[in-house]
Amino acid sequence: MIVAKQRQFSYQTGYGRQQEKQPKERIKLKKTRIFKISCFLLLFLCLGMAIALVSHYNHVIAVNKQILQHERQLNALYEEREQLTLQIAQLSALKRIEAIAINEIGMNYPREGREKSLVATTN
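Per my numbering, the sequence shown starts with residue 298, numbered consecutively.
Heads up, some of the hints might be wrong.
[Claimed, not checked] With a cut-off of at most 20 Å between alpha-carbon atoms, the simulated SDA-like pairs for lysine to any residue come out as follows:
#, residue 1, residue 2
1, Lys362, Asn372
2, Lys392, Leu374
3, Lys392, Ala373
4, Lys362, Gly345
5, Lys392, Tyr406
6, Lys362, Leu374
7, Lys362, Ala373
8, Lys392, Asn405
9, Lys392, Thr382
10, Lys333, Gly345
11, Lys333, Ala349
12, Lys392, Ile402
13, Lys362, Leu350
14, Lys362, Val351
15, Lys362, Ser352
16, Lys333, Leu344
[Claimed, not checked] Taking CB as the label site, the calculated pair distances span:
#, residue 1, residue 2, range
17, Arg378, Leu338, 55 to 65 Å
18, Leu338, Tyr375, 48 to 58 Å
19, Glu377, Met404, 55 to 65 Å
20, Gly403, Gln380, 30 to 40 Å
21, Gln366, Ile331, 49 to 59 Å
Simulated from the structure, these hints should not be mistaken for lab results.
Built from N, CA and C at the ideal position, the CB exists for glycine as well.
Construct the entire structure; sequences and hints are all you get.
This is the structure we're talking about:
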């Protein structure tokens, strides 16, 4: 009678059936020394490649920043060149040179009968 009660309990809860099944055998890998060393080397290789990739990306960003800086400097130099070209055009205008020669230096147009030549004097 005691045996019957135990069977009835196991039937109702389902625990008896699970105990009857044997656990499946799992395949185990032999972890030899060579396997451990190869895993370590593979991990080290992956780490090295990750570091190299990040380093290369950092270098590319630095070079792009330098390129942008040089482009800005080049644009500033082009603008300065344009301003200097305009200034040269204004300063070398013939009317301006003629006004400076007459007003500031005291030069005059040659009169008729005078020769057009330069005379060198020494003091």
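Now for the hints, and whether the structure bears them out:
Under the criterion of a C-alpha separation no larger than 20 Å, the hint pairing Lys362 with Asn372 is consistent with the structure, at around 15 Å. Only pairs whose Cα atoms come within 20 Å are accepted, and Lys392 paired with Leu374 is rejected, the gap being roughly 30 Å. Simply put, Lys392 and Ala373 have alpha-carbon atoms about 31 Å apart, too far for the 20 Å limit, and the pair is violated. The hinted pair formed by Lys362 and Gly345 fails the criterion: a straight-line CA distance of about 26 Å is larger than 20 Å.
Annotation: proposed proximity of Lys392 to Tyr406 holds, straight-line Cα distance about 14 Å (limit 20 Å). This hinted pair checks out: Lys362 and Leu374 have alpha carbons roughly 19 Å apart, not beyond 20 Å. Distance hint between Lys362 and Ala373 is fulfilled; the C-alpha atoms sit about 17 Å from each other, no more than 20 Å. Restraint check for Lys392 and Asn405: the C-alpha separation of about 14 Å stays at or below 20 Å, so the hint holds.
Proximity of Lys392 to Thr382 is assessed by CA-CA distance (about 18 Å); at most 20 Å being required, the pair is judged to hold. A threshold of 20 Å between alpha carbons decides the hint, and for Lys333 with Gly345 the separation of about 18 Å falls inside it, so the pair holds. Note on Lys333 and Ala349: the hinted pairing is violated, with a Cα-Cα distance of about 24 Å set against a maximum of 20 Å. At roughly 15 Å between alpha-carbon atoms, Lys392 and Ile402 fall within 20 Å of each other, so this suggested pair holds.
Our distance criterion of 20 Å between C-alpha atoms is met by Lys362 and Leu350, whose separation comes to about 19 Å. As the CA atoms of Lys362 and Val351 are separated by approximately 17 Å, the hinted pair is consistent with the 20 Å bound. As the CA atoms of Lys362 and Ser352 are separated by approximately 15 Å, the hinted pair is consistent with the 20 Å bound. Taking the CA atoms of Lys333 and Leu344, the gap is about 17 Å. The hint holds against a cut of 20 Å.
Taken as a hint, the range 55 to 65 Å holds for the pair Arg378 and Leu338, whose Cβ atoms sit roughly 59 Å apart. At roughly 55 Å, the beta-carbon separation of Leu338 and Tyr375 lies within the given 48 to 58 Å, and the hint holds. Between Glu377 and Met404 the C-beta distance comes to about 34 Å, which lies outside the given range of 55 to 65 Å. For the pair Gly403 and Gln380, the supplied restraint of 30 to 40 Å holds, since their beta-carbon distance comes to about 32 Å.
Under the hint 49 to 59 Å, the C-beta atoms of Gln366 and Ile331, about 52 Å apart, fit the expected range.
Against the hints set out earlier in the document, violations occur for numbers 2, 3, 4, 11, 19.
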